[in-house]
Amino acid sequence: MPTGAKSYFELMQWGPNGWLDEMVFATGLTLIVALTGFLLGLVFGGIAAAGRMSGHRLLERVSITYTTILRGVPDLLVIYLFYFGGSAIVTAIGNKLGYDGFIGVPGFVAGTLAIGLVSGAYQSEVIRGSFLAMPSGEIEAARAFGMSGLTLVRRIVGPQVLRYAVPGLGNIWQLVLKEAALVAVVGLAVHWAGIKIGDVVLIHETRFSDLLRQAHVAAGSTRQPFPFYITCAAFYLALTTLSTWLFRRAEAWARRGMRGS
Amino acid sequence: MKLARYLLAAAVATASLAATADAQTRKVKIATEGAYAPWNFTNSQGKLEGFELDLGAELCKRAKFDCEFLAQDWDGIIPSLTAKKYDAIMAGMNITPKRMETLAFTQPYAGGPHGFMTLKSSPLAKLPTGNYNLSKDLASAEKAIDGLKDQFKGKVIGVQGSTTNSAFAEKYFKGVAEIREYKTTEQHDLDLAAGRIDAAVMAHTAATATIDGPNGKEMMIAGPAFRGGILGLGVAVGLRKDDADLKKAFDDAITAAIADGTIKTLTIKWFKIDLTPQS
Chain A
1 MPTGAKSYFE LMQWGPNGWL DEMVFATGLT LIVALTGFLL GLVFGGIAAA
51 GRMSGHRLLE RVSITYTTIL RGVPDLLVIY LFYFGGSAIV TAIGNKLGYD
101 GFIGVPGFVA GTLAIGLVSG AYQSEVIRGS FLAMPSGEIE AARAFGMSGL
151 TLVRRIVGPQ VLRYAVPGLG NIWQLVLKEA ALVAVVGLAV HWAGIKIGDV
201 VLIHETRFSD LLRQAHVAAG STRQPFPFYI TCAAFYLALT TLSTWLFRRA
251 EAWARRGMRG S
Chain B
1 MKLARYLLAA AVATASLAAT ADAQTRKVKI ATEGAYAPWN FTNSQGKLEG
51 FELDLGAELC KRAKFDCEFL AQDWDGIIPS LTAKKYDAIM AGMNITPKRM
101 ETLAFTQPYA GGPHGFMTLK SSPLAKLPTG NYNLSKDLAS AEKAIDGLKD
151 QFKGKVIGVQ GSTTNSAFAE KYFKGVAEIR EYKTTEQHDL DLAAGRIDAA
201 VMAHTAATAT IDGPNGKEMM IAGPAFRGGI LGLGVAVGLR KDDADLKKAF
251 DDAITAAIAD GTIKTLTIKW FKIDLTPQS
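So the sequences go chain by chain: A and B. Under my numbering, think of the first position of the first sequence as 1, with each following residue one higher. Under my numbering, think of the first position of the second sequence as 1, with each following residue one higher.
Hints were generated in silico from the structure; no laboratory data involved. Don't be surprised by glycine CBs; every beta carbon is placed ideally from N, CA and C. A portion of the hints provided could be inaccurate.
Claimed, not checked - Covered stretches of chain B, going by a simulated chain A footprint (3 or more residues, C-beta under 8 Å): (1) 39-49; (2) 66-76; (3) 208-220.
Stated by the list, open to error - Ranges of calculated distance between the beta carbons of each label pair, as one might list FRET restraints: (4) I89(A) with D245(B): 23 to 29 Å; (5) K196(A) with E218(B): 42 to 48 Å; (6) K178(A) with S140(B): 50 to 56 Å; (7) Q13(A) with D191(B): 29 to 35 Å; (8) E170(B) with I93(A): 43 to 49 Å; (9) E218(B) with L20(A): 29 to 35 Å; (10) K248(B) with G168(A): 57 to 63 Å; (11) G195(B) with L20(A): 32 to 38 Å; (12) R71(A) with D245(B): 41 to 47 Å; (13) N131(B) with N17(A): 36 to 42 Å; (14) D191(B) with I93(A): 48 to 54 Å; (15) D274(B) with G15(A): 34 to 40 Å; (16) Y99(A) with D245(B): 52 to 58 Å.
This is chain A alone, in the form it adopts within the complex (with noise of 0.2 Å):
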């Protein structure tokens, strides 16, 4: 048990004896889950988004169902959904299959397939407006030109698509970059074996959990809660910042060719 106030420094060490390189890390397992359910969720939301445009009556339908859905309810939910249901719909085929036991889905997996599910149904929406967005006269002339299917897709819809919805996307990372933080509830923590040269330890054994779970385990456990809830404020801050300036670079890239930029 911590007896008496230690300072901002002292708790902000790096190594062993604080808490500075356990926060660093734990910013790096947010930003991991976040960018996997991102990604994921592009995916998701560009299957969407085509099933939505497919002009096939049952893929549009599915795909509506999808976004509804998915945009509806809250994102905790799903995260219970996968992680608990998830467990217990495996382990039932298991036990079918002949195998008796508990098989977990791992966190992980449970959190960001989670994650990219809702951000999915956000970008589709975003995907669908960019395509929208898109004159049509660019498909017909690629389409007199003998373009058709992947080559369409890969020359003239995806960059033009991708220009538009780059305003969009980078928005919706911001909002996945919070939402990171909600699979604290499946229980992510890493456990790290350092990094060792000889004998000189680089990086000391330790484990940690997403940034915002960290906070309050090290806020919880020295009952000293501001010095952590800055910090993790801070560090959230910089990733949003440092977020926003390379979707700024990435919109400015996209729209190099075009008027007005």
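Starting from the structure of chain A, add chain B where the hints point.
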């Protein structure tokens, strides 16, 4: 490459969570919050520590279990147990009727008094003291509470919501004082320091931790100590309802640890007071 290493570590960590083994000694996975000092917390090297870690090791030695403690966010702790991610919960969890709808509890392994925390400068600081058990002698406890009501008239009491403390405050001080609910004890501590509430109803252990902490210099425990009855039966191991073997083994181990003074020694080590449950 760093990314790959993180992912690998994450995969290994989660894979070890999912792994099951059936050796001759039963493997028991115990969930704890890891953020509730001094019951259970995490040190700056990422290791779990605290009263429940020490006690859990003792109980598992007695029951001949191969135990592993895992940190889990409080919000997901009960569903994780029922989904069989873990086999037991040791996380400062009080036995309450609501939780007993979903969980089975062992006998309590710790049961501390509850009471009021206030500012040293407050008129409530001079409340009469005493020690009352609501299970054993409800009449004299309620008489003592009635005696306090005059001093609490028009005051504001802070409590953590959905706890035995909030149930106690609602039952005895509703209509006398204004009762304000908070999500965490930290929050009512901050509001007590800021003067927005006059007192907090809380476990003495939590109050002591606050008073010993960086913001506790102006605070003190005042008035009588209460336990039992509506304040709950104490802190116990939470288990799945169908896990009767585990309940029996833990119950026996707790009985032995109470009898030989292990719980007394450990609670004095971590809380500076004896929290051995009083039946």
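Hint check:
no.	hint	verdict
1	39-49	holds (count 7)
2	66-76	holds (count 6)
3	208-220	holds (count 5)
4	I89(A) with D245(B): 23 to 29 Å	27 Å, holds
5	K196(A) with E218(B): 42 to 48 Å	47 Å, holds
6	K178(A) with S140(B): 50 to 56 Å	52 Å, holds
7	Q13(A) with D191(B): 29 to 35 Å	31 Å, holds
8	E170(B) with I93(A): 43 to 49 Å	46 Å, holds
9	E218(B) with L20(A): 29 to 35 Å	31 Å, holds
10	K248(B) with G168(A): 57 to 63 Å	58 Å, holds
11	G195(B) with L20(A): 32 to 38 Å	34 Å, holds
12	R71(A) with D245(B): 41 to 47 Å	45 Å, holds
13	N131(B) with N17(A): 36 to 42 Å	41 Å, holds
14	D191(B) with I93(A): 48 to 54 Å	50 Å, holds
15	D274(B) with G15(A): 34 to 40 Å	37 Å, holds
16	Y99(A) with D245(B): 52 to 58 Å	22 Å, violated
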